[in-house]
Amino acid sequence: MKKRPLLFVALAICILLFGGCGKGGKFSPSYTEPNKASHNEVIDRHGQVENMERLDSFVERVQAKSKDKVRLIRYTIEGDPIYHDLDFDGTTLTLTYDTTEDKFGQGEVTSYKCKSIQKQESDTETKYTLEGCPKEYMGELLYISHDVEQQDYFAFELKYGEDKKNEIDTKEQVLTKDLPNGETMNISDFQLSTDQMNRIYKQMVYANYLQPKSLSNSCKDKSYDMYELNVWINDGERSYEWTSCDQSEDGLEMTNLAQTIVEIVEESL
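Heads up: the sequence shown is residues 216 to 484, going by this note's numbering.
Some hints here could point you the wrong way.
[As the list claims (entries may be wrong)] Using 27 Å as the maximum straight-line C-alpha spacing, the simulated DSS-like pairs for lysine-lysine come out as follows:
hint, residue 1, residue 2
1, Lys437, Lys374
2, Lys379, Lys435
3, Lys380, Lys435
4, Lys284, Lys350
5, Lys437, Lys379
6, Lys282, Lys380
7, Lys318, Lys350
8, Lys328, Lys350
[Said to hold, decoys possible] Derived Cβ-Cβ restraints for the label pairs, each shown as a range:
hint, residue 1, residue 2, range
9, Gln426, Lys284, 46 to 52 Å
10, Gly294, Lys330, 22 to 28 Å
11, Lys282, Tyr439, 29 to 35 Å
12, Met353, Asn401, 30 to 36 Å
13, Tyr358, Pro427, 19 to 25 Å
14, Tyr439, Gly347, 47 to 53 Å
15, Lys386, Gln335, 30 to 36 Å
16, Gly294, Asp271, 24 to 30 Å
17, Ile402, Asp295, 31 to 37 Å
18, Asp295, Glu364, 29 to 35 Å
19, Lys437, Asn255, 35 to 41 Å
Calculated from the structure, these hints are not laboratory results.
Don't be surprised by glycine CBs; every beta carbon is placed ideally from N, CA and C.
From just these sequences and the hints, can you work out the full model?
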């Protein structure tokens, strides 16, 4: 009888660690979601930029000669943060460059005085550059590539509308459109131009499509749109499902992405 408490302890540990040790038990490796950007932070994870609109607003305020501060955090391949603190006092823009948490960096804090910041944008790349800085600082603050032709493979499938009857599938080259009269239009061998694919890929990058999304399929409204997006890029795949009722930050961002895709595709119809 004295051995029974030890058995209970062993079972408790087993349940906590593995969610059950019998055949029905299931072990799920823990996943730590990357730190989310705060309101005044912009995070760059190897070209996937979160809260980029905050950097855009900083650019606008600098050009309007209005005081503003923002922090850009860029992560190295090893996952170490490098901080870029931007402070505009109405006349001078100060960049404080902090590599103290970069294990392979200089491990120091350096400040540079600059005159302004600019954003240059095309369908294949977006650049943020600092102007009027000392020669020892290179003016490119942030570079984002969204050139689809630099990828080995890129395709997507978007289903949308009530019961997801509409479909845009660049992988199988199929377009299905649910018409107002109840009929369905089907187009085989459907293809988008390189320009259109670049514009769509750009919007996906802007929406941080590679990052985890918290999306909802539940909806109390009687009339709502359903969305399903599958993306294939190189050897990877991403899948998302949500409805137009999802008013969360991720939900609104993904709905805006889906609507933009539909608008671009409809230009070719």
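Among the hints numbered above, which are violated by the structure, and what are their numbers in rising order?
-> 6, 9, 10, 11, 12, 17
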